[in-house]
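Trainee: Given these sequences and hints, build the entire structure.
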Amino acid sequence: MADLWTCIRVSADNRKPGRLEIQSMFLERSRDLPLDVSIDLDGDRSDQSSYYDSDSESENSDEDRPGGRVATQGAQIFPTMWRWRSLSIRNLDMSLHQEFLEPIWNGRAPNLERLSMEAHPDWDHNSSSGGMPVFKLGAPKLREIRLRQLPLFFPQCDFITTLIYEDPVDFHVFKQIEYSSPSLVELKFKGYMFDLVWPDQYSHPDPVELPSLRRLTLRLDELDYAGDLSILLHSLRAPLLEALTIHFGYNSTFYLLDDALNQPAVASSYTPVRSLSLEEAQFAKLDVASITARFPSITHVSFVDCKDMHLFFQHLLYPTGVREGLYESTEVAWPLLQSICMTAATDADTDLISRIFSDRNARGLPLVSWTKGPNSWNHLQKKWESVL
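Heads up, the sequence shown is in the numbering used here, so the first residue is 1 and it goes up one at a time.
Source of the hints: derived by calculation from the structure; they are not laboratory data. Ideal Cβ placement from N, Cα and C applies to all residues, glycine included. Careful, some of the hints might be misleading.
The calculated lysine to any residue pairs, modelled on SDA-like cross-linking and capped at a C-alpha distance of 20 Å, are [as the list claims (entries may be wrong)]:
{"#": "1", "residue 1": "190", "residue 2": "279"}
{"#": "2", "residue 1": "188", "residue 2": "231"}
{"#": "3", "residue 1": "307", "residue 2": "280"}
{"#": "4", "residue 1": "136", "residue 2": "114"}
{"#": "5", "residue 1": "136", "residue 2": "110"}
{"#": "6", "residue 1": "190", "residue 2": "167"}
{"#": "7", "residue 1": "188", "residue 2": "246"}
{"#": "8", "residue 1": "141", "residue 2": "85"}
{"#": "9", "residue 1": "307", "residue 2": "356"}
Each pair of labels, with its calculated beta carbon distance range [as the list claims (entries may be wrong)]:
{"#": "10", "residue 1": "33", "residue 2": "239", "range": "39 to 47 Å"}
{"#": "11", "residue 1": "280", "residue 2": "24", "range": "42 to 50 Å"}
{"#": "12", "residue 1": "28", "residue 2": "191", "range": "37 to 45 Å"}
{"#": "13", "residue 1": "362", "residue 2": "138", "range": "55 to 63 Å"}
{"#": "14", "residue 1": "366", "residue 2": "25", "range": "56 to 64 Å"}
{"#": "15", "residue 1": "158", "residue 2": "17", "range": "40 to 48 Å"}
{"#": "16", "residue 1": "79", "residue 2": "373", "range": "43 to 51 Å"}
{"#": "17", "residue 1": "191", "residue 2": "363", "range": "40 to 48 Å"}
Mentor: Have a look at this one:
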């Protein structure tokens, strides 16, 4: 029953009487089991203005001071850092919470496996002076890091397997990838990509070797400065990459990737890709032939909320662009394709897929299944990741 007490919540908004006693009870009853710690710092920003606007500052207690409530809770949990299994920090403002987080900056978390940190929406990331080291004394079991709009830097992360960056804001993102490269299996970029203001030495960076990377996700919204993504794509080397997700949205993600793939050294990293997920692609505006040519080893493909998919299927059926009689063309796009998955399909899409099946069956090629529906890709993705 002790594991019922292992979820520890720290909140700057928690004004309930007895909160410290309750937190102490959780820590005591959890015994020596691993802890999952969640810290929400949202209430401190409003406390800052109300505290200093008060007519009589002397009437305010230390807990009412900006960061006071969360500091008293933190004083209880920081001594248990050796037990932390996961840590999630939300609404972080470096200008307000630097002192509170000092134990994390300089601490050691020997059993920490997952770390998630995200900035407060109103925090000005430009006020930061570069990457700030976290867990300087080490977190040897840390495997997964998720950051949102934060320029944090982990000097000891040789065993990281998953890096997730949402709204990356600092060039230390790039250094983080370099340092985590020995064991990195999954790398995700999500959200809005800010102008990272790369230092001169990163204008033409050396290749970043990711010998273990198997899954790469580029799920980015409108790019503020496309050169940032271009630099990353031109630099990554991942000979074992097997699964790639590209979110098109309203940006030029694929065009930047396509440009990077013109370099043979870069292209060799994407040739082994077997699972390809295309999100919100508008195939009327894309060079479908380029997509199939860039990834010749595809066995599984998914289409998530894409438009004009019939154009893609037409290319699979007629890769030369000439509508010859069925089975007459000797060229086949994606000859290793085994399954097609999509969130929705029109009658025209269904008809073309049926013809693709007939064509490939006649050729003795291994296309075996296709699924459609809002949850079909989630199911296939879990199945595919279990194989990887």
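Trainee: Compare the structure with each hint and give your call.
Mentor: Against the structure, the hints come out as follows:
1. 190 - 279: Roughly 13 Å between the alpha carbons, so the hint for residue 190 and residue 279 holds.
2. 188 - 231: 16 Å, holds
3. 307 - 280: 7 Å, holds
4. 136 - 114: Judged against 20 Å, a Cα distance of about 16 Å means the pair holds.
5. 136 - 110: 12 Å, holds
6. 190 - 167: 6 Å, holds
7. 188 - 246: Given that 20 Å is the threshold and the Cα spacing comes to 10 Å, the pair holds.
8. 141 - 85: Holds, at roughly 9 Å.
9. 307 - 356: Between residue 307 and residue 356 the Cα gap is close to 19 Å, so the pair holds against 20 Å.
10. 33 - 239: 39 to 47 Å: 40 Å, holds
11. 280 - 24: 42 to 50 Å: Given range 42 to 50 Å: holds, Cβ gap about 48 Å.
12. 28 - 191: 37 to 45 Å: 39 Å, holds
13. 362 - 138: 55 to 63 Å: Taking Cβ atoms as reference, residue 362 and residue 138 lie about 59 Å apart, which means the hint holds.
14. 366 - 25: 56 to 64 Å: Holds: the Cβ-Cβ distance is about 59 Å, inside 56 to 64 Å.
15. 158 - 17: 40 to 48 Å: 45 Å, holds
16. 79 - 373: 43 to 51 Å: Because 50 Å falls inside the window, the suggested range holds.
17. 191 - 363: 40 to 48 Å: Distance hint for residue 191, residue 363 holds at roughly 42 Å.
The structure fails none of the hints (numbered hints given earlier).
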